[in-house]
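*Asks:* Going line by line, the protein sequences match chains A, B, C and D. Per my numbering, the first sequence runs over residues 176 to 505. Per my numbering, the second sequence runs over residues 176 to 505. Per my numbering, the third sequence runs over residues 176 to 505. Per my numbering, the fourth sequence runs over residues 176 to 505.
Bear in mind the hints are in silico, worked out from the structure with no lab data behind them. Some hints could be false.
Heads up, the list lumps identical chains together, so a pair's fine if it works in one copy or across two of them.
[Said to hold, decoys possible] Dumping the calculated DSSO-like pairs for lysine-lysine here, alpha-carbon to alpha-carbon at most 27 Å:
1. Lys446 - Lys180
2. Lys254 - Lys446
3. Lys344 - Lys254
4. Lys495 - Lys210
5. Lys372 - Lys254
Number of protein chains: 4
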Amino acid sequence: MTDVKGDRKARPSEQDDPDLYLRVVEKNSRGIVVKGAKNHITMGPYVDEHLVIPTRTLTKDEGDWAVSFAVPADADGIKIVSRIVTPRPRIALKAPYNTFGVADSVVIFDNVFVPWERVFMCGEWEFAGRLALTFAGFHRHSYCGCKPAVTDIILGATALVAEYNGVGKSSHIMDELTELMILAELVYASGIAAAAKATKTSSGIYTPEFLYSNTGRYMAGINIYHEYDVLASVAGGLPSTLPTEEDWLNPELTSDLDKYIRRKPDVSAEKLHRLYRFISDFSCSAMCGWAQYAGVHGGGSPVMEKIGIRSGYDIEGKKKIARDLAGIKD
Amino acid sequence: MTDVKGDRKARPSEQDDPDLYLRVVEKNSRGIVVKGAKNHITMGPYVDEHLVIPTRTLTKDEGDWAVSFAVPADADGIKIVSRIVTPRPRIALKAPYNTFGVADSVVIFDNVFVPWERVFMCGEWEFAGRLALTFAGFHRHSYCGCKPAVTDIILGATALVAEYNGVGKSSHIMDELTELMILAELVYASGIAAAAKATKTSSGIYTPEFLYSNTGRYMAGINIYHEYDVLASVAGGLPSTLPTEEDWLNPELTSDLDKYIRRKPDVSAEKLHRLYRFISDFSCSAMCGWAQYAGVHGGGSPVMEKIGIRSGYDIEGKKKIARDLAGIKD
Amino acid sequence: MTDVKGDRKARPSEQDDPDLYLRVVEKNSRGIVVKGAKNHITMGPYVDEHLVIPTRTLTKDEGDWAVSFAVPADADGIKIVSRIVTPRPRIALKAPYNTFGVADSVVIFDNVFVPWERVFMCGEWEFAGRLALTFAGFHRHSYCGCKPAVTDIILGATALVAEYNGVGKSSHIMDELTELMILAELVYASGIAAAAKATKTSSGIYTPEFLYSNTGRYMAGINIYHEYDVLASVAGGLPSTLPTEEDWLNPELTSDLDKYIRRKPDVSAEKLHRLYRFISDFSCSAMCGWAQYAGVHGGGSPVMEKIGIRSGYDIEGKKKIARDLAGIKD
Amino acid sequence: MTDVKGDRKARPSEQDDPDLYLRVVEKNSRGIVVKGAKNHITMGPYVDEHLVIPTRTLTKDEGDWAVSFAVPADADGIKIVSRIVTPRPRIALKAPYNTFGVADSVVIFDNVFVPWERVFMCGEWEFAGRLALTFAGFHRHSYCGCKPAVTDIILGATALVAEYNGVGKSSHIMDELTELMILAELVYASGIAAAAKATKTSSGIYTPEFLYSNTGRYMAGINIYHEYDVLASVAGGLPSTLPTEEDWLNPELTSDLDKYIRRKPDVSAEKLHRLYRFISDFSCSAMCGWAQYAGVHGGGSPVMEKIGIRSGYDIEGKKKIARDLAGIKD
C-alpha cells in the first residue's frame, strides 16, 4: 500500500518525479504498465503475489495514480529490496524467540505489465481514498488483537523477572504490571467494540467500526515505548550488560558467571541466564528497535489515527450540547 | 453500600467501634435490628427505600456485618445528613446547566428494625464480597456510559470556546479535542466490550464482563482532572475572572462589559457572556469540585479498579508465554 | 498588562474595535488620553496605582498601542470591575485558610488622562514586545518560587490525610507523595537555575535567565490539575460529601458525625473534621476552581512558555550535532 | 560500585552465598584479600585501576562487606568479562556516530590481594552507606549534564528529519521539538541548582545538593524512552525498513534507491541516506537498546532517585503547613 511519497507537503501530481506515487504509465488492449515503488512491505519476499492499492485520497486529475492490481511476486520488472532483521543467534541456550526473524522491503515496479483481468482499479480516483481507508480500518482492527499479544510478552517477562528477583509481590511491581494489563485490555476492548459495532457491507462481509479500530490502534501506538520502559525498569541493567553466551560457555568462566547471576535460591543459574538473555534479545537489540518502530507506525502512525478519529467525529453535536446547557440559542 | 470504614488498616471486626461497618445488633422472630452508617450516598434524600449491601469481603467471624436489606427511607432510627451542591444561581442569563444540583448524604442507622421479609442477607459472610463486587461491576459498567457523556460536555465546551475565539481550526486545538474524543471513546468501547462479553447468570440476567467494566471506569477516573485541564487551557483565564452577572446587569457597566468581551465579529456579546459563564459555572465552581471528586471516586476509585483488574488476571499464563519464548522449562 | 484582545486571529490594528487593545486616543502638551481595558488584574482593587504596559509585540503602524504609564487607581475614567473569590465561611472551626480571599478585576480606562511625567512609553512600538517579555520573564521566575509553595500545601494535606487514615506508610502513597516532591523541586530548581544564570542589565539589576524561568513555570502549569488529582485520590470522596459545619454543630447530629468520621484511634474527631473540611475548602470549592485556573494561566499559560522557550532556542545548533554525527556535510 | 546483589529481598549477610556482595575474606599484616564481583562496570576494560566502593548501607555485623580499595586492572585474580556494543559498521557512508562503541563488564575478584596502602575502608560499616550515596550524588549530578546532551542529539535528529521531509515548520512538529527542549533544560536546570546549592566539605571540595542531583537524574530517567518515541514518531517507519548500505552500493539498485528516497527537491539522496541511516543506527539498533537501558539505569534507576529524594525530604514540615492552614493544633 504505502508509496514512498516524496515531498510530504506535495500531492502525487505535484511531485518533481511523478513516480513517487505508483502510477499507470501505459494502457493497452491487454493490460496496463505501472511504475513506482511501495515502501515498508513487511514480509514482501515471502508472498506469492503483490496486491497493490493506492495509499491516499486523490483528485480528479490524479487518475493515473488510482490503480489497484495483483501481480506475481517475481513478475518482470519487479525488484524486492529486503531488509531482514534476525534475533541474536544462540549456541547452546536455544529459545523459540530466537528462531524467526522478519523482513521488510521496498518493492520497486519498473514498468511492470499487469493484464486487465488482474486490474481492480484503474483511473477511478474518487474511490482511492475509500479503498485506502478500508484497508486501514481492517489493518488497525487487526492491531487491536495482535498488539495486546506483544503486551502479553512484555507483561509476562516483567512478571517473571520480578519473581526471579524475589520482588514479584512488591506493591510498585504489581502496580506496573497492572498498568500493562490495562493497556493491553483497553486496546483489545476497543477491538471488541469495533467488531460488535461492525456494519454489513453490500458484499456481505462486515466492516469493523472505524472509530474503535482507530482508538484501539492509537492507544497501542502511543504506549509501546512506555511498555518497553516498564520492562527495562523492572529488569534492571542486566539485559544490556549480560556477558555473551560465548563467555558463558567458556569453561574458564561458566562457574563464575553462574555463581554471580544467582538470585532467589530456588531459581537455577540456567533459568536466570535464559531469562535475562531473552529479555536482552527481546528488549535490548536491533530486533527490539524494529519492534518499537513497528509498534508506533505499523498499520498507521498514531497521528494518522487521530486524523481518522476526528475526521468522522460529530464535533458539532458536542458543541450543541454545550450550547444547550449554556442556554445559547442559534 | 459504602461503610464509613474507620481505620483503613483494620478489618470490620478489628475496629475500636464495631459500628464503623453497618451490622446486625439484634435478631428476633420478627426481624433484625441494624446499626451503623453508610457514606457517600448520592441522591439519598430522594429515594423511597434504602437498599443496603455490604461493602467488602468478610471472614467467618464477621457474620454480623454480612447484612443486606431494604427499608423505607424514613424508617424509625434513620437520619439522612445531606450535603447539597447547587450550581450558581442565575438572574437573567438562565441556563439549563444551572437548574439542577445534587445531594450526597450520610445515612445513619440508629438501631433500625427490618422485618425478615425485607432481609436479603443475614450472616452469610462468604457471599459478602461477591455481592459487593457484583454491585461494583454493574456500577462501573454504567460509568462506561455516563462518563463519556461528561467528556462530551467538556469536548463541546472546549470546541465552542475555541470557535468563538477564532482558533477552532488551529492544529494544537484540534489535537486537544481529538484527545478528548479518544478518552471518551476508549471508555465507551470498554463498556461495549463488557456488554459483548457479558455472561448470563442463573437468574437469567446478564452480568457485564468485570475486566472491561473496570478498565473503562479506570480510564475515565485517571483522566477526569486532565479533561478539565484541557478545557481550562483552551478557555483561558476568563472563566475564573469573569465579572458577575450582577455587574453585567448594572446599567453603568453593561455596555463596557459587552464591548470588552468581544471576540470574533460574528459572535454576539450575549453568547460570549453565556458561554464563559457556563464554563465558569461548570469548571471553576464548587459544583466542579464535586464533579472532579465524583469523577475520581464515584463507582470506585482507580486504585480499586486496579485491584479488581489484577485480582482476576491470568498473570501465570503471561509468565508462561515468556518462559516458552525464552526456552525455560519448569 | 493583559489586554482583552478580541479576535485572537487579528492583530491590535486589525480588530473591528481598536479599543480591544488599550491605546492612546489623544496626545497634547500636558499628557495623553488612553482608552481600553486590562483583563485578569488580580488584586486590582487593592493597588494605589495601576502600572500599565503593552501585552505583545507590535508593528510599525501600531504605535498607538505602544503605551506604558502609571496612574492613580481612582483616576477619572477608571472603572474597576471586580470578581471576588472567598473561601467558605466557618462558624466554629475557624481556620487560617478560610480567612482571606482574592479578587480579580477588569480595569476599564474610559478616556483616562495621564500627564507626561507618568508616561514611560508612547509610540515606541519596537520596544513593546521586549517590555512585555521582560515582565513575563520576571513574573514566570516568581512563579518558580510561589508555585512550589502551592505544591507544599497539596503535599502536606495529602500526607496528613494518609497519616490520619492509617495508610501514611503505604508504598503507593509514598510514591504519590514523592511525585509531588519532584514536581515542586523541579520547578524550584528551574527558578534557581534562572537566578544562577541571570544577566546584569545596564540599569544594574539582574534579569533571570528567560529559558529557565519558562521551563519552571511550564512544569508547574501543566501539572497543577494533576496535583489536585493526587490529593483527591488519596483523600477519598469525603471532601465532596462531608456534612456541613451547620449539621456538625447541630446537637442532634454532633455525636453521630463524630462517631462515624472516626479513623485511627489516636486521631480526634475534631482533627478529622478540621482536616477534611480544609481539604474540601481547598480542593473541592469555588476557590479551588480559581486556583486551578490561576495555576494554569497565571503568569502566562503553558502554551505561552512553549513559545517563549522555542523562540530563543538554538535548534540549528542541535541539527548541526545530528548532521555531524551522521556525516552530513553542508 | 554495583555488587551483583543476589536475592533482592536479602541483605549481604543473609545471602546463601556471602560473595554476592564483594567482601574481605582475609586480613594479614601486608594487606587484605577480597572476593566477589562488580556488575555493570562500563568501560571496565579501559581502566588502569579499579576503584572499589560498597554499594549500600551495611549493619554492624556486615563489616566484611565494608571495603573500599584501588587495585591495578590486571591484578592477580581479576577477570574482566566484557560485553561490547558497537554501532553498525559502515562501508562508504562513514559517519562519526559509527566510529566508537562501548563496553560494559562484570569484574570478578577471585581472592585478590590488596596491600594496606591501597585500602581506603575495611570494616567501617557505618560509613558504607554514606560512601555509596556520595558517589551516587556526584554521578547523578554528572547525568544532569550528560543526559541533556543525549536529548540534544534526539532533538537535532528529529528537527533535521522533519526539515528534510518538508514538515519542519508544522505546528505539531514544533510542539514535539519544544517538549524535547523542555525535558533537556529541566534536567540541566536541576543540575545547575545542585551546583548553586552545593556545600563545601571539610576536605575543601564541594558536594552538589543531593536533592537536585536526584530530581534532575530522575526526570531524565523517566523520559528517555519517550524521547526515542518522539524521534521514531517524527522520522516515520523508514529507520526500521531502510535497505542496507550493501544494497545501496549495488550498481543494480543505487539509482532506484536514490530515486525513491527523494523528499524535498533540494535535499540530495545521499543526505537522505545518511540521515535515515544515522537515525536507524542511533534509534533502531542494538546500540540503541543499550542506550535506552543506560538511560534508565545508569547512575541509579528512577526508583532509586525517588528513594533518595524522599529519604531526606521534610514531609513533617509540609504536614505542619497543612495543619496550620486547617487550624489543627497538636
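*Asks:* Taking the numbered hints from earlier one at a time, note which ones the structure violates and give those numbers from smallest to largest.
*Replies:* When the structure is compared with the hints, numbers 3, 4, 5 turn out to be violated.
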